[in-house]
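Enquirer: Sequence:
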Amino acid sequence: MCLPASQKKILSLNTPFVYLIMIGLGVLAGISDIAVFKSLGLLIADVFIRIFKCMSLPIIALSIIVTLSGYSSQGMMKTVWRRTMCYTLGTTLFAAGVSFLLYQIISPAMMVGEAASAILPEPAQSISYLDHIAALIPTTIFSPFLENQVISVLFLGIVIGIAIRFIPDEDAKQTITQFFKGAHGLFMVITRWVIAVIPIGLFGFITSTVVQFRQGADIKGLGQYLLVIVLANVIQGFVILPLWLKWKGVAPFVMMKRMLPALSLAFFSKSSVGTLPVTMDTAESKLQVRPEISRFVLPLCTSINMNGCAAFIFTTVIYLMQNHGIHLSLTSMALWVVIATVAAIGNAGVPMGCFFLSMSLLASMSVPITLMGVILPFYSIIDMIETALNVWSDACVVKVVDDSVRVQTEQSLQEI
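Using my numbering, read the sequence shown as starting at 721 and increasing by one per residue.
Since the hints were made in silico from the structure, they are not lab data. Cβ atoms here follow ideal geometry from the backbone N, Cα and C, with glycine treated the same way.
Straight-line distance between alpha carbons at most 30 angstroms, and here's what the computed DSSO-like set of lysine-lysine pairs gives:
| no. | residue 1 | residue 2 |
| --- | --- | --- |
| 1 | Lys901 | Lys798 |
| 2 | Lys773 | Lys758 |
| 3 | Lys798 | Lys968 |
| 4 | Lys893 | Lys798 |
| 5 | Lys1006 | Lys966 |
| 6 | Lys977 | Lys1006 |
DEER-style ranges, computed between Cβ atoms:
| no. | residue 1 | residue 2 | range |
| --- | --- | --- | --- |
| 7 | Glu867 | Leu740 | 36 to 42 angstroms |
| 8 | Ala829 | Phe757 | 28 to 34 angstroms |
| 9 | Phe886 | Asp1001 | 34 to 40 angstroms |
| 10 | Ile751 | Ser984 | 37 to 43 angstroms |
| 11 | Ser1005 | Gln944 | 39 to 45 angstroms |
| 12 | Arg934 | Ile887 | 55 to 61 angstroms |
| 13 | Trp913 | Val879 | 28 to 34 angstroms |
Using the sequences and the hints, build the whole thing.
Expert: Structure follows, in structure tokens:
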């Protein structure tokens, strides 16, 4: 997910030229026998891991709270909001589910060999969430953050976000909403600072990864990992969403053809926010979506409808966890489908959201994230595909919502 044009200056370091320099320096540091050079790379990687651990859970919790509490609606718009949330949750869950099935079929090879695992900075912790269901309910409001309990943080964020909507005192509701929005904005500023210097972190991650390769890592699995993500996006976009549209009485590929201007712009711009005006105009002029629906649903979808992000988070987290010796049963993986879905929906406004949240979730569980440095150079292409899928999913949601509300309105008029 890319940032609006107003924020692009902040990301001036994130250019292909700088990335190539940092990748080259990381490779040199990893293969050289200069201890100081190599130690510097490993130190930078460790610093960024600590930063992600510090930032991860507050960002996820605040994003979910702001998303769930920030939209108030009455009358027809209340129905529109509920249906939009329902359809968004459903399509995002399906996207994560598709990546789960593909992961089982393709079963990417591990990149970290036995020798390489011996040099990891931190041992990965064994994770079995189903054995600790009681831990879902935190003992204090701060304990999930202090103890890095990812599921508890997600649960707490959902509960608080929904509860805010039911506060009867409007002044109190407004005050608490503004507090969380302010806290969310604060962390977004810090996040943009981190993203601005992410090429420096890339140097550290590449250094650490090259050291692992020299100790026996296998790069074969990287291609299979990327294949899972790309196929998950393709199947979601060309199979799952069209079948859903067909079920709702919409001709999917006719609609896709009409949405091509917005989809093309989304693909090349890598910005669903930047594409929003074109998406709105195309939906209204070519799909006959009513303006009052499109101008409410599409901005909401741009924030929370993250089909591609869910697939990326699930595949990346599972792949890196398994690479570092964590055994995951099918039940645990299925639980991660839900976690990836909630995390993707809570991705609103996070720069490089999918990549950043994946790193943050892994870091919060003490899973080494050095392999993310190998994935980062490919993320630009993945981001293009994900953005196009997200905009296509937004269009599907707004069309189905508009049609369903139109039918409901006509039925109400007939009853009168």
